[in-house]
Amino acid sequence: MKNPYLPYPVRISKVEIATEDKTLRTFEFEFLNREDAAAFTYLPGQFAELSIPGFGEAPIGIASSPTEGDHLTFTVSRAGKVTTRLHNMEQGDVMGVRGPLGHPYPLKDMKGKNIVILAGGYAVTTLRSTMIWLLHPENRDNYGEITFIYGARTPGMLLYRETLEEWDQRSDVKTYITIDNEVEGWDKYVGFVPQIADQVSPEPDNAVALICGPPIMIKFTQPVLDKMGWTGDQIIMSLENRMKCGIGICGRCNVGPYYVCKDGPVFTKAQLDELPKEY
Amino acid sequence: MAEKILKKEELDDFVARLKSKYRIYAPLEKGGEWEWSEVEQGKDLTFDFFNSSLSPKKFFFPQTECLMHFRNDPHEEKGMLMEAEAGLDQPRLLFNIRPCDAKALTVLDKVFERDEESMDVYWKDKREKTVLIGLACTDPCPTCFCTSVNCGPHHEEGLDVLQVDLGDRLLLRGISEKGEQLLKDLDQAGTEDSQAAADQKKEAEGSITSGVEMDRIDSRQTLEVYDQAMWDRVYESCINCGTCTFYCPTCHCFDIQDETQGEYGRRVRNWDTCMSWLFTHHTSGHNPRGTKKDRVRQRFMHKFKYMPIKLEGSIGCVGCGRCTQRCPVNIDVRDVVNSMNEEHVE
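Protein chains in written order, with the numbering used here: chain A, 1 to 279; chain B, 1 to 346.
It should be emphasised that the hints constitute simulated quantities derived from the structure, not laboratory data.
Careful: at least some of the hints might be erroneous.
List time: in silico BS3-like cross-link candidates among lysine-lysine, alpha-carbon distance up to 30 angstroms [as the list claims (entries may be wrong)]:
hint	chain 1	residue 1	chain 2	residue 2
1	B	K124	B	K110
2	A	K269	B	K292
3	A	K2	B	K110
4	A	K277	B	K292
5	A	K277	B	K110
Computed far set for chain B versus chain A, every beta-carbon distance over 12 angstroms [said to hold, decoys possible]:
hint	residue
6	K8
7	E85
8	P142
9	S176
Where is the CB? At the ideal position from N, CA and C, for every residue including glycine.
Bound-form chain B, shown alone (with noise of 0.2 angstroms):
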């Protein structure tokens, strides 16, 4: 794994002979916010920030997003047959990615692309053309707890490049092969800056206190987790507005509808969330999951027993912390799941 050096002046040129292929997008800070914005230069990049508000879970699997389309027009032979939208059209490079982000995406990997009867082609083709250099975390946030649920501040999973910011200077460490390819006209690292990065790591990864344990939801059977008291405790104070699934980098649910205007229609597919009601409502009228502690239980359940038994071991979290932070009424995952986890008061 060959570590490269960037001094950060030189960063319009690398970014210029980047934009040659790709389309280029970084967090940048709009109105406050820190979303993820179409690069046009290197210098508009910026280095010094805890994370961008929304997860760059868009790029693949977009809040809206268009699958198929047809002409709607009954009286002729083809009017009514759906055809597939076309794939992107140009590859795309998500720079500075934050590693629980890019982690996130391998998890979701285990989800759309699970086998061959059931591959997601929109999502296949978006991660196939698009290449992530990732930001080390030197300075996580109180929310983070990354380094408890497989993943951490310089965590490479998912990655092609991984860059430390030292200062005046990056380090890049190729990681992928695509990732390589890139780094391959820059300087060498020299041990002193190897060094430094190494340091860094070992600094962040210290700087995350604040974690969740998960060996009693892991031995335990399902029921015996979906069936504990503390969920009567969970649930009551939330009020079911779904924010928590929208920022989450691993929340994947999604909804298809269809839509028509005139003589065009399309199928589409929306972000849904396990929050709402109508999200398991039959049409007999009947709802397996008819009430508020139904579906909290569910999120958590999902992301921390369900999706461990059914992706070998993936959590359903990456300890971003985004729900923490946006939740209006204070639920705190890492309560949660530690409550979840506790040993049983009869």
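For reference, chain A alone in the conformation it holds in the complex (with noise of 0.2 angstroms):
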């Protein structure tokens, strides 16, 4: 029987800072035992406790694809004791790995629909890792047409640069990556989310939205896709909230009957429409 405390065992195998404040930093993982890396099956939307013994464990969404190969990427932002601890460590340590955990993006249901990405901040990542899953060759036919709009304050803290390069360079996606203010040399959009989500004016039919961002971000962005037509069930989100065993059971990150570990973190907009805000 699998023990669902006991983590994998992992190494760092890469650590880059991620935006110009420093104060986010991208690590990638591999597992020490290659049947570690055969269990640990997962999809885009999930999450994973990264555990470093001695000081606790953080729940952070999975940023890299399963189509990218057998290492794991998470992008951590400082915060606490447990991430504080993780940007000091370096290539080559070793620490631990529980999960796959929670649901990912219904990407069954999604198949033959359009696909609009709304991303804020650096909760891009799982959103991250569901573009590279659908942009991958064996699955991009299976979906419509994918439009990506992402913002974050400045030039610099935008995450996964050269790949948000690589996929404006792309026909078969229409990405819109967007900052706060004018800076010199960009050539790209300026504005916040929701007024970028307002002039791309994405059209609700057989369409799904993801939505990602900072509670300010979603917010102003509801009334947009509201005034377009969208209705509660095309709108997935996902949630964070405090978390321990990340499994169900410690009881600390319901909304309602549901635990954000366990039955989410991914939840339509309908279904949060009728329970308690409590995240």
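Now that you have both chains on their own, put them together as the hints suggest.
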């Protein structure tokens, strides 16, 4: 029987400073044991507990896509005890990963549909995973138009700049990268995500929207989508709450009857409309 | 289901036989409180008590439990790898567990053993290695309301054996196969004793006069119950001490912490409480249940609305009344639930 509390041992294979303010770093992990890599089967939207013995665990969305191979990528903001420790760790260090946890985005139900992705700040991580997965040759033809709108405060705060460039060059995805204010030399969009969404005005017919961002972005994006006729069951969001066990037992991350860790973190807007706003 | 008879004077022999295989625990009196304690001999057992102060959930979900350990040596190849703690080395037997407390374990089974991916191996190990010999209630407390929350003074769910105290002897009913095995050498109960046990059950059930009603909690949507005005009244007296959550046989929230000392480190889980502000506090500073009202409401909503939705109708309460007995500001769970169930007055 598998012990769901026992992390898989992993080695940090790469560390990169991800943003100009240096509060985010992107870590790549390799499993120490081949069989653990095989057991860790995941899909975009799932998360894992990054487990540092002596410090604890932090639940972080998986930024890599399973189509990229056996390694796992996480972009982590330095915020608390565990993530601060992680920021002080180096390539070659050994720690743990526990997961995959939670449900992925409903990729099966999204088949045949146009997909609109709205991302703000560093909440883009699991949406990076989703984009990589959707654009993979095995998956791309199963989906309609893909629109990717992503905003950060400044160019230097955008995650995965090189990958964004690649998407921008592709003809099978409409990419809108935006920053809050004009900056010299910036030739892409300027404005908040809700404003850009308003300009792009994605059609709701046969479409699904995935939204991840700070609460303020979600708050102002909602009326934009409402105006265009999007309904609650077409809007998919990913929640975060304080977590410990990650498997729906320890009791703290619930929103109404549902645990964000076990039953989420992916919920439709329609589902959330019927639940207390405890997130 | 076989009914057997054991004279109390033969308890010593019975317990001695069981002790060859099991470590035995039962509620014993210590300084005015009934505490779950290890039993050395049958004559230590007493049958004249209401219920143990703390519930026996700690046998399966200890207040502090080491989940795994590591050598805490980053310079060694495996020095920072976690290793799981071993399971119980000897099977256990809980004597005189009350039916409500046994029922609570079956509710918690649904939480801790929900599916293969989230199987709590620590809980499961202890459940599998523990036998439960229940003691039916003859004289329920005024705070008992088990009969209105899918339980009762002679409820058998979760037990291996149910005992009914008939004065100088005990009637033992084998419920599980494990239980039947334990009783196989005892004498068959006569019809008179069986009748006496049945009468006692009826009487005990009849003596529980208080209860809760949940029909409107069940039929209303989550937000309707959540947004009721009654919460503004309920939360005011609560001081968020969390006493109710520690005494409750179905409260199961926990925290996980790492501890290190020199070349030893461990990851432990500790009982936690939804009454604590820190329980849901995000690292960012945001707190989804940041007010006392949020937290008080969470506890009752969890037990009486969320758990029934998630656990095929199982209520997160067995009517033991401990929270009501122990609450320092006299919050009575029955009042709260009945208020939740009240007709809306606009």
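* **Broken hints, by number** => Of the numbered hints given earlier, the structure breaks just one, which is hint 7.
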